[in-house]
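Based on these hints, arrange chains B, C and D on the given structure of chain A.
Protein chains: 4
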Amino acid sequence: MTIKRIAVITAGGDCQGLNAVVRAVTKHALKNGMEVFGFKNGFDGLVRNEYMPLDDCAVSGILTRGGTILGTSNIANPFDYTLAPLGTPQEPRNVSNLVMENVKKNRIDALIAVGGDGTLSMASRFLDMGLPIVGVPKTIDNDLSATDFTFGFDSALAVATDAVDRIHTTAESHHRVMIIETMGRYAGWIALRSCLAGGGDICLIPEIPYSDEAIAKAIISRREKGKNFSIIVAAEGAVNERGEMSVQKTIAGSTDPIRLGGISGRIAAMLEEKVGLECRVVVLGHLQRGGTPTAFDRWLSTRFGAEAVELILKGETGNMVALRGGDIISVPIKDAVAKLKRVDPNGQEVRSALAVGTSFGSSRIG
Amino acid sequence: MTIKRIAVITAGGDCQGLNAVVRAVTKHALKNGMEVFGFKNGFDGLVRNEYMPLDDCAVSGILTRGGTILGTSNIANPFDYTLAPLGTPQEPRNVSNLVMENVKKNRIDALIAVGGDGTLSMASRFLDMGLPIVGVPKTIDNDLSATDFTFGFDSALAVATDAVDRIHTTAESHHRVMIIETMGRYAGWIALRSCLAGGGDICLIPEIPYSDEAIAKAIISRREKGKNFSIIVAAEGAVNERGEMSVQKTIAGSTDPIRLGGISGRIAAMLEEKVGLECRVVVLGHLQRGGTPTAFDRWLSTRFGAEAVELILKGETGNMVALRGGDIISVPIKDAVAKLKRVDPNGQEVRSALAVGTSFGSSRIG
Amino acid sequence: MTIKRIAVITAGGDCQGLNAVVRAVTKHALKNGMEVFGFKNGFDGLVRNEYMPLDDCAVSGILTRGGTILGTSNIANPFDYTLAPLGTPQEPRNVSNLVMENVKKNRIDALIAVGGDGTLSMASRFLDMGLPIVGVPKTIDNDLSATDFTFGFDSALAVATDAVDRIHTTAESHHRVMIIETMGRYAGWIALRSCLAGGGDICLIPEIPYSDEAIAKAIISRREKGKNFSIIVAAEGAVNERGEMSVQKTIAGSTDPIRLGGISGRIAAMLEEKVGLECRVVVLGHLQRGGTPTAFDRWLSTRFGAEAVELILKGETGNMVALRGGDIISVPIKDAVAKLKRVDPNGQEVRSALAVGTSFGSSRIG
Amino acid sequence: MTIKRIAVITAGGDCQGLNAVVRAVTKHALKNGMEVFGFKNGFDGLVRNEYMPLDDCAVSGILTRGGTILGTSNIANPFDYTLAPLGTPQEPRNVSNLVMENVKKNRIDALIAVGGDGTLSMASRFLDMGLPIVGVPKTIDNDLSATDFTFGFDSALAVATDAVDRIHTTAESHHRVMIIETMGRYAGWIALRSCLAGGGDICLIPEIPYSDEAIAKAIISRREKGKNFSIIVAAEGAVNERGEMSVQKTIAGSTDPIRLGGISGRIAAMLEEKVGLECRVVVLGHLQRGGTPTAFDRWLSTRFGAEAVELILKGETGNMVALRGGDIISVPIKDAVAKLKRVDPNGQEVRSALAVGTSFGSSRIG
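Chains as they are written, first to last, in this note's numbering: chain A, 2 to 367; chain B, 2 to 367; chain C, 2 to 367; chain D, 2 to 367.
Same shape as in the complex, but just chain A (with noise of 0.2 Å):
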């Protein structure tokens, strides 16, 4: 079959990196005599047959802006959707026959999904119901086994790396604790490299379980040895020795304490209860999503992009592009989901964060 015409859609959280890859895919299926739409907001776009024409002119300038021209949205689910504005209640309901007749009418050859878990998982159903899809994965916590590296994560690192930096100087100027949480609900990569890179003092990671009493000791033990001051980078999803984690309620739900719930503030209110020390916190959030993307995120996204083209010329759908070594290569849609990344308590990253002074505030590790 020869591909005509493309669309492609960016889902789920923005992150540093979906314009570049927008752009790579324009460029490339143009130059290969295609004709491509950007439909909107994700799933949501297909679902109400809101699209954009992209041209070279659309496409100009976006490569170093961050977020994505396309729109994106959180929560449009064709299998479980729902029009209503938010707050108020609707039964949701499968609309995905929709997507598939706006596909059809709008005589769309191919789709190019570039979205994380969730929209790659709802991908995988509509290659099911017959939709030929590239899938490009986007996670700006880094924790997809199927590729070395996700565009956004770097630029994520960056981010808070230099937060880390910024407060390193506090800490030792005002003898404190300085506790910055980074984004990772599940993997820990941003927390564990930017602490690396920072020179954090005590990690806090999912996958490592923390308690109290091992933060506290550590901290004690960092002032006996006559360093009163202690950066603390803690990824939001960390848990404790009981498997609790501490994510803070969003706003809508329950503003009062904004911070309360967060790991963040939870460890200050420990410490400070504790060990009788002055805490500080910094919660990154969306600075870390948001911005220029690092050089390395930009060209990751450009071949990403360049590549996902390249997989619809081959005849190629249902796969998705992964970065092994310096190449791109192509996995099924179906396993890359499959399988979380998350960092190895006893593996070699670990290990290297361990032998450079850090510790996990665990009583196991370390």
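Check the hints yourself; a few may be wrong.
[Claimed, not checked] Pair by pair, the computed Cβ-Cβ distance ranges are: (1) D:CYS58 <-> A:ASN347: 26 to 34 Å; (2) D:SER364 <-> A:GLY326: 26 to 34 Å; (3) B:ILE76 <-> D:THR3: 44 to 52 Å; (4) A:LYS105 <-> D:SER364: 41 to 49 Å; (5) C:LYS105 <-> B:PRO346: 36 to 44 Å; (6) D:SER222 <-> C:GLU317: 42 to 50 Å; (7) D:ARG126 <-> A:LYS340: 40 to 48 Å; (8) C:SER364 <-> D:TYR187: 41 to 49 Å; (9) D:TYR187 <-> B:GLU51: 51 to 59 Å; (10) C:GLY227 <-> B:PRO346: 55 to 63 Å; (11) C:GLY227 <-> D:GLY227: 53 to 61 Å.
[Unchecked claim] No more than 27 Å apart at the CA atoms, straight line, and that leaves these computed lysine-lysine pairs for DSSO-like: (12) C:LYS41 <-> D:LYS228; (13) C:LYS5 <-> B:LYS226; (14) D:LYS41 <-> C:LYS226; (15) D:LYS226 <-> C:LYS41; (16) B:LYS32 <-> C:LYS218; (17) C:LYS32 <-> B:LYS226.
No wet-lab data here; the hints were simulated from the structure.
A virtual CB, placed ideally from N, CA and C, is assigned to each residue, including glycine.
Relative to chain A, chains B, C and D alone:
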């Protein structure tokens, strides 16, 4: 009198450029044959007689480093001093005589005090007690009438503006209201200028009381023009039209950005309720104070440090350095402390902001 | 007279902040019910009647972008104009009447001219011919007496200081003399301030003639103190004690940093010969002019743009905006152009540099 | 054998991350009860027996600093050594025995050699002489087959990409051809990836010989499409179709044309002549090697340093650390040095570049 030996302290909250001041003071003093002592942790070191000699080696490589090698303290007030650790109640007492004794004991001929409002007020009292002091003003908020700029402000502005840039792309991609909370308890310069520099839509500052209705209206009006995202830049000290501030409580009773009802959380909750919009919040907090100073701040700090020593050489103690145009001038410490520089709600800069489409969430201005 | 339609041009070498001026001009003018036209490539567009209408959409997203969406030209002088392409000899002629005609034809009520020395001089002549003009000063060299700061300067300073920082670590590791060449044909502000901000050892500027001997002596003196590396920051326009500049020829006859005998190359060759030291050179060139403006420059540009429109609204054409303290003031274009602001060899800032150990490679100063 | 005392050297051109390696080596070795000696200036320190003991204090604060606290040397080869100062002719001689003596004298049990091609070749010879060595590969050009990435490369790429970004806005505003010259004598990775990351139009690398005609044609073709500016990213080692490189002479040899022999100057002159276009050149040079390493490079350097000590602990001297996926593996030094990793002219990454519209100035590719 020949000056043989000077001391320098850095006091109050840290900011970018403190080390550059210490370096310039040290280099210029050494060049003029003086000895230089750095007392630790602001006035605390003068109470406890804790100091380090400063020579070329001690200040090597610190020009680009945030924080202060001398350490600092927010709370050490010799006129109202307590040695008790945090949380231990203890009657504060006046130990200013200890400071005078330590100055005499170490044969310090003059003191350079780098600090803000509080520090310079204390300096003023020590002046009256006969201690020759030169002041170097430090307020990250840039809220001192006597000087065009204070160091640290430009670096904080750079961090805040970078945050506005990053948040912008996410707000646009997700069609959200994003709120960035900056420093600024009594003056809104960081919020106002980062809002101008980053193209923020709504700016909340202590000088222009906001109303919930006006904020909601501004956002709805943007939405009606097809702009379904908004960036709010809010100074931590913004007050509503009833004069209420929403500065948050700290965990253990103090006042850190671990927020219960901080301005950004308050506004987010209000907007989700009133306008039904998804809001996200980033509290910049300590990110604004730390890390490598901007070129401007290093330049200004170096100029301040060198001229502070000049003032001692010229026998002009009792004064403070200040920037006027491109020149460093000197003003009496007593006068300088008296007058806060706040944003003029009817002034030119606010009009400029209105001109480029920024609103102030006020029913009276704009 | 009611102003209905204004034009704006950007002329001369580009710098960071031009787009921010264009954006502020456009937004403020639109808000006051005017139409705005952007003429292309400086005065060239007014000669050829090439323009683009400027509306909210046209200036969206340009605040953070370097360069100018209007284009610019270094050479288009309507009083001495040639349409000939580069390299084709053609008699220049006075086409200023074409400019006046195009202004009339398009019913332009006033022009905002953003440019340097040359541009403002031309503006001054058009003023005399009856064209209402407001000037916005642009000189990356910050060499205008009328204003505390010009936009673009802070961004250039940031780039130069970042370069000094990077080069520092290499100089130290390799025990080398490293020479960084900055912009500054007639005024040494970028070189002087980046040298102060980056801790350079020797600073060569147009205002303080250097001698080879004094430079060599300074380096040897450092070596004798055990410092076997040195950082030299040299403005491109630095002159030796015989008044000779070493600005290099371009390839094809013009004057770009493809150097035959530029200052940095000259000094490097001299030092290798005289002192037998390994030297390395970095010519920053166009890196200093491009890319995202600093927060300071975006703020200043926005203020300038908004106030330029204010001047038109108040009927104060013939003036130029300028920064004094925190205020934008207006000064007659004619006066403003007259007076260059150069580094005072005996002034306070040079003394500050000497204070922190920077020498000027001069036998007379330091 | 129990390892009691190890030595570490950094050799060859400096790059970002060297200090991070030294810090990780030191911390991990100390933790395992070893003593650590840092020999100065690469193998030179082992010849002259110049070293510093490395403890926690010595490596404090160096993680973020460019360069190397140990110093380095490009030229010290113990097998072909000359003590003569630059410019003094002196017969080189083999002093490798001095190295072996100093190792024995200081009771060094193993050496960690951080360096490139040349350094690792020497290491290989010392291995044969019985010195237990572990290698840490250092090549800013990323041209080593054995490892996915080398440290320093990501930082250099970031600098080069930032330069492309800056130059972009000027090229566009002034309608110029701008040429950015990057490092890369034998491999074009920095040029290729910064071109991809920055959206450059033409990329010249050593692996794909260029022809003047093809470059001119590419630019004219862009102009015909209305794009009257172009960005060329050229590796210093790019060769034309006759196999000629245009690397410039160093200053000492022949100062005048510092640039004229360089690739960027050559291409600029050619284009001005052939196409009559205004060209500007920026040679990045040493900017690419210095300054604070990126987060990625600090992470990789730390991992390399920690694992190098692991190899010693496991008795696996004779090997070099390398990155494969997310793991640090070990490969025999001898094998590692043998094989250069160069850009494959027909490979996937070049195809990606072509896909997004980059041409290679070649009559054969694209």
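Now for the hints, and whether the structure bears them out:
1. Distance hint check: the CB atoms of CYS58 of chain D and ASN347 of chain A are about 31 Å apart, consistent with the given range 26 to 34 Å.
2. Under the hint 26 to 34 Å, the C-beta atoms of SER364 of chain D and GLY326 of chain A, about 31 Å apart, fit the expected range.
3. Checked against the given bound of 44 to 52 Å, the beta carbons of ILE76 of chain B and THR3 of chain D, roughly 51 Å apart, stay inside it.
4. Separated by about 44 Å at the C-beta atoms, LYS105 of chain A and SER364 of chain D satisfy the suggested range of 41 to 49 Å.
5. Checked against the hint of 36 to 44 Å, the C-beta distance between LYS105 of chain C and PRO346 of chain B comes to roughly 42 Å, which is consistent with it.
6. A hinted range of 42 to 50 Å for the beta carbons of SER222 of chain D and GLU317 of chain C is consistent with their spacing of about 49 Å.
7. Distance hint check: the CB atoms of ARG126 of chain D and LYS340 of chain A are about 45 Å apart, consistent with the given range 40 to 48 Å.
8. For SER364 of chain C and TYR187 of chain D, the Cβ-Cβ distance of about 46 Å falls inside the hinted range of 41 to 49 Å, so the restraint holds.
9. Between TYR187 of chain D and GLU51 of chain B the Cβ separation comes to about 56 Å, which falls inside the hinted range of 51 to 59 Å.
10. One distance hint, 55 to 63 Å for the beta-carbon pair GLY227 of chain C and PRO346 of chain B, holds here, with the actual separation near 57 Å.
11. Distance hint for GLY227 of chain C and GLY227 of chain D: a CB-CB separation of about 59 Å, consistent with the stated range 53 to 61 Å.
12. The hinted pair formed by LYS41 of chain C and LYS228 of chain D meets the criterion: a straight-line CA distance of about 15 Å does not exceed 27 Å.
13. Annotation: proposed proximity of LYS5 of chain C to LYS226 of chain B holds, straight-line Cα distance about 24 Å (limit 27 Å).
14. For the hint linking LYS41 of chain D to LYS226 of chain C, the alpha-carbon distance of about 19 Å falls within 27 Å, and the restraint holds.
15. This hinted pair checks out: LYS226 of chain D and LYS41 of chain C have alpha carbons roughly 19 Å apart, not beyond 27 Å.
16. Simply put, LYS32 of chain B and LYS218 of chain C have alpha-carbon atoms about 19 Å apart, close enough for the 27 Å limit, and the pair holds.
17. Distance hint between LYS32 of chain C and LYS226 of chain B is fulfilled; the C-alpha atoms sit about 15 Å from each other, no more than 27 Å.
In this structure, none of the earlier numbered hints is contradicted; all agree with it.
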